[in-house]
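Trainee: Chains as they are written, first to last, in this note's numbering: chain E, 1 to 669; chain B, 1 to 294.
Please keep in mind that the hints were generated in silico from the structure rather than gathered at the bench.
On a predicted model such as this, the values are computed, not experimentally measured, just so you know.
Fair warning: there could be bad hints in the mix.
Here chain B is said to cover these stretches of chain E; the calculated rule only asks that three of the stretch's residues, wherever they fall, bring their Cβ under 8 Å from a Cβ of chain B [as the list claims (entries may be wrong)]: (1) 3-14; (2) 137-144; (3) 165-179; (4) 303-317; (5) 549-555.
Here are the simulated DSS-like cross-link-like pairs (lysine-lysine), alpha carbons at most 30 Å apart as the crow flies [claimed, not checked]: (6) E:K337 / B:K215; (7) E:K186 / E:K337; (8) E:K141 / B:K215; (9) E:K133 / E:K149; (10) E:K339 / B:K215; (11) E:K44 / E:K71; (12) B:K51 / E:K133; (13) B:K176 / B:K14; (14) E:K298 / B:K4; (15) E:K346 / B:K249; (16) E:K337 / B:K51; (17) E:K411 / E:K337; (18) E:K186 / E:K109; (19) E:K337 / E:K210; (20) E:K572 / E:K606; (21) E:K339 / B:K249; (22) E:K44 / E:K186; (23) E:K509 / E:K427; (24) E:K149 / B:K51; (25) E:K141 / E:K35; (26) E:K427 / E:K411; (27) E:K298 / B:K176; (28) E:K462 / E:K572; (29) E:K109 / E:K149; (30) E:K133 / B:K280; (31) E:K133 / E:K411; (32) E:K298 / B:K51; (33) B:K176 / B:K4; (34) E:K346 / E:K427; (35) E:K141 / B:K280.
Covered, in the sense of this in silico footprint (three residues per stretch, anywhere, with C-beta under 8 Å from a C-beta of chain E), are these stretches of chain B [what the hints assert, rightly or not]: (36) 90-98; (37) 104-113.
Quick reminder that beta carbons are idealized off the backbone N, C-alpha and C, glycines included.
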Amino acid sequence: MPQLLLELLSEEIPARMQGQGARDLERMAREALAKEGFLPEALKTFAGPRRLTLVVEGLPAAQPDRHEESKGPRVGAPDAAIDGFLRKTGLSREQLTERDGVYFAHVHKPGRATPDIVAGMVEQIIRTFPWPKSMVSGTSKLRWVRPLKRILCVFDGEVVPFAVDGVESGDITEGHRFMGSRQPFKARDFDQYQDGLARNFVVLDAEERKERILDAARTLCFARNFELVPDEGLLDEVAGLAEWPTPVMGAMDPAFLDLPPEVIRTSMRVHQRFFAVRDPATGFLVPHFVTVANIEAKDGGTTIARGNAKVLTARLSDARYFWNEDLRIPLEDRLEKLKGVTFHAKLGTMYERAERIAALAGELAPFVRDDAETRAKAMQAARLAKADLVSGMVGEFPELQGIMGGYYADKQGLDPEVVDAVRHHYKPQGPADDVPVQAVAATVALADKLDTLIGFFGIDEKPTGSRDPYALRRAAIGVIRILLQTRARLPLSRFASVDLLAFFADRLKVQLREEGQRHDLVDAVFALGDDDIVRIVSRVNHLDRLLGSEDGANLLAGYKRAVNILRSEEKKGPLPTGAPAELESSPPEELGLIARLGHVEIEVGKALEREDFEGAMRELAKLREPVDAFFDKVLVNSNVAAERDNRLRLLAGVRDVMGRVADFSQVTG
Amino acid sequence: MSDKPLSFQGLFLKLNDYWSRQGCTIVQAYDVEVGAGTLSPMTVLRALGPKPWRVAYVQPSRRPADGRYGENPNRLHQHHQYQVILKPNPPNLQELYLGSLEAIGIDPLLHDLRFVEDDWENPTVGAWGLGWEVWCDGMEITQYTYFQQVGGLDVFPVAGELTYGLERLALYLQNKESVYDLAYNEEFSYGDIFLANEQQFSAFELEVADVSVFKRQFEEMEREVPRILQARGRQGQQLVLPAYDHVLKASHLFNIMDARGAIAVAERQSYIGRIRDLCKQCAEAWVAQQAEAA
């Protein structure tokens with residue numbers, strides 16, 4: 001079956017937009033074709049520095065004819081209604097048919113030729129393409145990501161003729177800007193197209209470009225016993241910057257290696273899009289880099305390597321200038337400047353924020369490690385933690401915030417725990433990031449995030465749906481992860497409002513669910529209103545273990561039965577209160593449960609006091625057998641009121657003792 | 001590359017020659033301090049309105065915060081930009097641009113030329129456009145922009161702007177490490193001509209400049225722009241050009257205060273907004289004047 005090939009050739013498309021561009025083209029083409037009744041056998045798109053390409057396999061030469069019957073007004077309806085229907089269908093009154101007193105129109109729609117449909121579809125795609133940013137150029141009003149140069153559109157070996165704002169479709173494309181023939185060439189199908197591009201130094205597929213880069217870069221490193229420092233994001237970007245990506249290794253002045261490695265790597269990545277290179281044995285950077293050129297240069301890349309090295313030298317000289325200048329001013333002396341940096345219009349300056357974090361760190365420290373030294377160090381680190389925001393280096397590389405503060409604190413000779421805390425206080429910044437566990441660092445990291453959360457909740461800037469501009473979800477998860485890792489027993493309600501507590505509960509649920517924990521168990525524990533994350537998680541884990549055991553599963557069934565009985569009795573009137581008693585008439589199963597319950601109540605109380613949830617669960621498990629026996633042999637709804645009341649008291653006792661460990665009514669199954 | 005690389009002077013002469021052959025009018029640098037060639041009225045104002053316009057010029061550009069006392073081989077308080085405006089941009093502007101690189105001796109099969117996304121904006125003049133930084137072997141040698149807005153007004157027909165960093169290009173072509181070692185021409189080095197300039201202005205702009213004086217002058221400029229725009233010339237026209245000069249002066253005063261560290265981060269936006277408002281008044285007056293003249 002025929003093939004459709006479309007290429008939209010433009011001036012250079014930003015690397016970061018190419019992947020989404022290919023996905024959007026695929027989606028739009030698929031939807032547009034489906035709307036016309038086409039279900040192609042295969043549809044694939046490609047994106048590169050200068051082109052978006054679509055190839056569709058297995059389209060028919062034309063749509064099948066369509067016969068449509070549409071229902072109209074009833075016979076004898078007002079003329080206006082009938083005329084309206086005639087206008088809509090394009091028929092005359094004689095052409096309508098009658099059935100059961102209603103007019104029907106039969107319209108035969110011959111299928112349109114596929115090229116006609118394709119022409120309309122492509123124009124529609126171009127005019128509505130969702131580029132994140134688009135532009136006009138020259139005297140044309142046509143919007144595209146950068147000026148659109150050519151449209152290649154071929155169906156079944158023939159050009160699909162159309163024009164969009166003066167850009168005419170054809171069967172011509174171009175290869176690499178500088179390599180190959182530098183002449184436009186013809187392509188009437190995908191094989192010709194791909195061959196032509198390959199002959200003219202264009203790798204069409206982004207994945208293939210990435211492989212090419214990695215293979216060649218690794219080979220360059222391997223030859224010198226180095227190792228490429230992997231960087232997925234950078235690889236994606238450079239694969240979008242070159243049609244014929246060709247890694248070249250360059251050398252840098254080793255004198256720069258005394259700068260912090262984060263500075264070197266960031267400068268290489270952000271400014272130059274270089275890969276860093278390290279010694280596989282030590283992990284230390286070596287004075288080399290890999291850049292990805294767009295040509296195979298006449299001189300083998302010597303000029304390119306030299307030029308890039310020169311630029312890197314200039315960049316690193318500048319970094320060294322910032323480094324030296326920054327080291328002249330102690331962090332303490334930078335605090336004043338934070339007064340000029342707004343954190344948020346309603347939440348004051350960075351100076352005020354640092355003061356708040358320091359005070360908060362003082363309150364939090366005893367929960368993390370209860371000694372005066374930890375508290376003092378945490379408060380010191382918290383005050384200094386934001387000072388690097390007004391340093392030259394962080395001005396140049398915002399992503400080095402915290403890291404630079406750590407270096408400056410260290411060079412100033414501050415206590416290593418303070419240094420560590422300044423450096424790591426933004427952590428964890430995402431699920432893959434590690435958590436500061438050392439007491440001072442953990443305290444400051446907690447204070448940083450809690451201040452953010454308290455502040456934004458205080459001014460009612462809570463996340464809604466997918467909108468979370470201040471990354472409050474990440475901050476809350478950060479707090480949870482730090483508490484769990486350090487086992488810090490923090491009563492969150494002392495710091496958080498009711499709203500914020502509920503937000504923590506939600507985040508914890510999400511977090512536990514992502515770790516594979518049952519959602520209902522989290523609810524069962526949360527219903528108790530606890531505000532200590534460590535205790536909550538411990539309860540959830542032990543509850544999970546209990547319910548996983550046979551005793552636990554049966555006990556849950558017994559619990560549900562007890563609760564159902566209590567609930568239906570409650571509708572008839574108030575339940576009897578007080579403890580169950582051993583009645584003359586009590587059968588042995590009732591007596592057995594009363595005795596066991598009394599024992600379990602005491603033991604559960606003791607275990608909970610010790611926060612020994614495992615012990616508490618173990619005690620609950622002991623109820624299983626007498627509860628089962630009780631339901632087996634004893635009728636709760638006795639005709640004798642005293643017996644009935646006593647048994648209801650007994651069931652309420654079971655419910656209540658279990659309720660002290662978790663809200664079992666929230667547990668499903 | 002030819003055997004003997006172009007001198008600094010040879011470089012802009014070659015560009016003048018190339019772009020004048022492409023139909024550009026060659027004008028001289030604007031005589032009010034500007035931070036970039038874009039800010040010259042030859043670009044900011046002339047980009048607006050319906051009239052076609054092709055111009056090229058060298059513009060000394062002052063960036064007080066980049067002053068390094070003549071001690072850094074690459075950073076300068078004042079560098080030179082080569083500015084080209086083609087309005088409407090011809091469809092083959094990229095090819096014309098690449099042609100200019102070949103004209104100054106950059107062989108695209110020896111050097112790695114790349115168009116890297118850079119969405120240019122200049123908030124002080126309310127201007128933005130889409131385009132690229134052009135890289136030569138990893139060095140940004142040109143800012144290439146299709147102007148979409150200037151002074152907060154749509155630019156149509158679209159003007160294509162090319163801004164070459166002349167010092168960087170020369171460093172590259174002459175294979176020198178320090179700008180001060182560049183051959184300005186056969187007789188002088190770049191340092192002979194500009195080192196004292198860098199040393200003195202860095203000290204002035206980073207240490208000596210009296211912020212209170214600059215602040216007062218800034219406020220004066222701010223008052224002057226609307227006053228000038230209210231006045232009328234002999235032919236009954238608004239005095240857009242002198243008013244715009246005062247916007248440029250305000251912008252430069254702001255840059256010096258900024259370099260002195262006298263502008264708190266929170267104040268920055270407000271200052272930039274004030275300059276943008278002044279610029280917008282001039283841009284609107286200019287467009288109105290163009291419409292009347294048409």
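Trainee: For every hint, state whether the structure bears it out.
Mentor: How the hints compare with the structure:
1. Note: the stretch 3-14 of chain E has 3 residues with beta-carbon separation from chain B under 8 Å; the three-residue rule is met and the coverage holds.
2. By the rule of at least three residues with a Cβ nearer than 8 Å to a Cβ of chain B, the coverage given for the stretch 137-144 of chain E holds, with 3 such residues.
3. Here the stretch 165-179 of chain E counts 3 residues with a CB under 8 Å from a CB of chain B, which clears the bar of 3, and the coverage holds.
4. Under a criterion of three residues with beta carbons nearer than 8 Å to beta carbons of chain B, the stated coverage of the stretch 303-317 of chain E is upheld, 11 such residues being counted.
5. For the stretch 549-555 of chain E, the assignment as covered by chain B is violated, since 0 residues bring a beta-carbon within under 8 Å of that chain's beta-carbons and 3 are needed.
6. Using a Cα cut-off of 30 Å, the hinted pair E:K337 and B:K215 holds, with the two alpha carbons roughly 19 Å apart.
7. Between the alpha carbons of E:K186 and E:K337 the distance comes to roughly 63 Å, so the proposed pair goes past 30 Å and is violated.
8. Using a Cα cut-off of 30 Å, the hinted pair E:K141 and B:K215 is violated, with the two alpha carbons roughly 43 Å apart.
9. Distance check on the hinted pair: E:K133 and E:K149 sit about 18 Å apart at the alpha-carbon level, within 30 Å; holds.
10. This hinted pair checks out: E:K339 and B:K215 have alpha carbons roughly 20 Å apart, not beyond 30 Å.
11. At most 30 Å may separate the alpha-carbon atoms for a hinted pair to count; E:K44 and E:K71 exceed this at roughly 40 Å.
12. A C-alpha spacing of about 26 Å is found between B:K51 and E:K133, which places the hinted pair at or below 30 Å, so the restraint holds.
13. For the suggested pair B:K176 and B:K14, the alpha carbons sit about 20 Å apart, so the restraint of at most 30 Å is met.
14. Taken as a hint, the E:K298 and B:K4 pair is honoured in the structure, with Cα atoms around 20 Å apart against an allowance of 30 Å.
15. The straight-line distance between the Cα atoms of E:K346 and B:K249 is roughly 34 Å, outside the 30 Å bound, and the hint therefore fails.
16. With a C-alpha separation of about 48 Å, the suggested pairing of E:K337 with B:K51 is violated against the 30 Å cut-off.
17. With a C-alpha separation of about 20 Å, the suggested pair E:K411 and E:K337 falls inside the 30 Å cut-off, and the hint holds.
18. Between E:K186 and E:K109, the direct Cα distance comes to roughly 36 Å. Violation of the 30 Å bound is thereby established for this hinted pair.
19. For the given pair, E:K337 sits about 44 Å from E:K210 by alpha-carbon distance, which is inconsistent with the 30 Å threshold.
20. For the suggested pair E:K572 and E:K606, the alpha carbons sit about 36 Å apart, so the restraint of at most 30 Å is broken.
21. The hinted pair formed by E:K339 and B:K249 meets the criterion: a straight-line CA distance of about 28 Å does not exceed 30 Å.
22. Restraint check: the Cα-Cα separation between E:K44 and E:K186 comes to about 21 Å, which is no more than 30 Å; the hinted pair holds.
23. Of the supplied pair hints, the one linking E:K509 and E:K427 holds, its CA atoms being roughly 21 Å apart against a limit of 30 Å.
24. Simply put, E:K149 and B:K51 have alpha-carbon atoms about 24 Å apart, close enough for the 30 Å limit, and the pair holds.
25. Note on E:K141 and E:K35: the hinted pairing holds, with a Cα-Cα distance of about 28 Å set against a maximum of 30 Å.
26. For the hint pairing E:K427 with E:K411, the CA-to-CA distance comes to about 22 Å; that is within 30 Å, so the pair holds.
27. A threshold of 30 Å between alpha carbons decides the hint, and for E:K298 with B:K176 the separation of about 22 Å falls inside it, so the pair holds.
28. The hinted pair formed by E:K462 and E:K572 fails the criterion: a straight-line CA distance of about 44 Å is larger than 30 Å.
29. Between E:K109 and E:K149 the CA atoms are separated by roughly 36 Å; this puts the pair beyond 30 Å, and the hint is violated.
30. At roughly 23 Å between alpha-carbon atoms, E:K133 and B:K280 fall within 30 Å of each other, so this suggested pair holds.
31. With a CA separation close to 44 Å, the supplied pair E:K133 and E:K411 exceeds the 30 Å bound.
32. Among the hinted pairs, E:K298 with B:K51 is inconsistent with the structure: their alpha-carbon atoms are about 44 Å apart, more than 30 Å.
33. About 13 Å separates the Cα atoms of B:K176 and B:K4, which keeps this hinted pair within 30 Å; it holds.
34. For the suggested pair E:K346 and E:K427, the alpha carbons sit about 25 Å apart, so the restraint of at most 30 Å is met.
35. Between E:K141 and B:K280 the CA atoms are separated by roughly 24 Å; this keeps the pair inside 30 Å, and the hint holds.
36. Under a criterion of three residues with beta carbons nearer than 8 Å to beta carbons of chain E, the stated coverage of the stretch 90-98 of chain B is upheld, 4 such residues being counted.
37. Counting residues of the stretch 104-113 of chain B whose beta-carbon sits less than 8 Å from any beta-carbon of chain E gives 7, enough to reach three: the coverage restraint holds.
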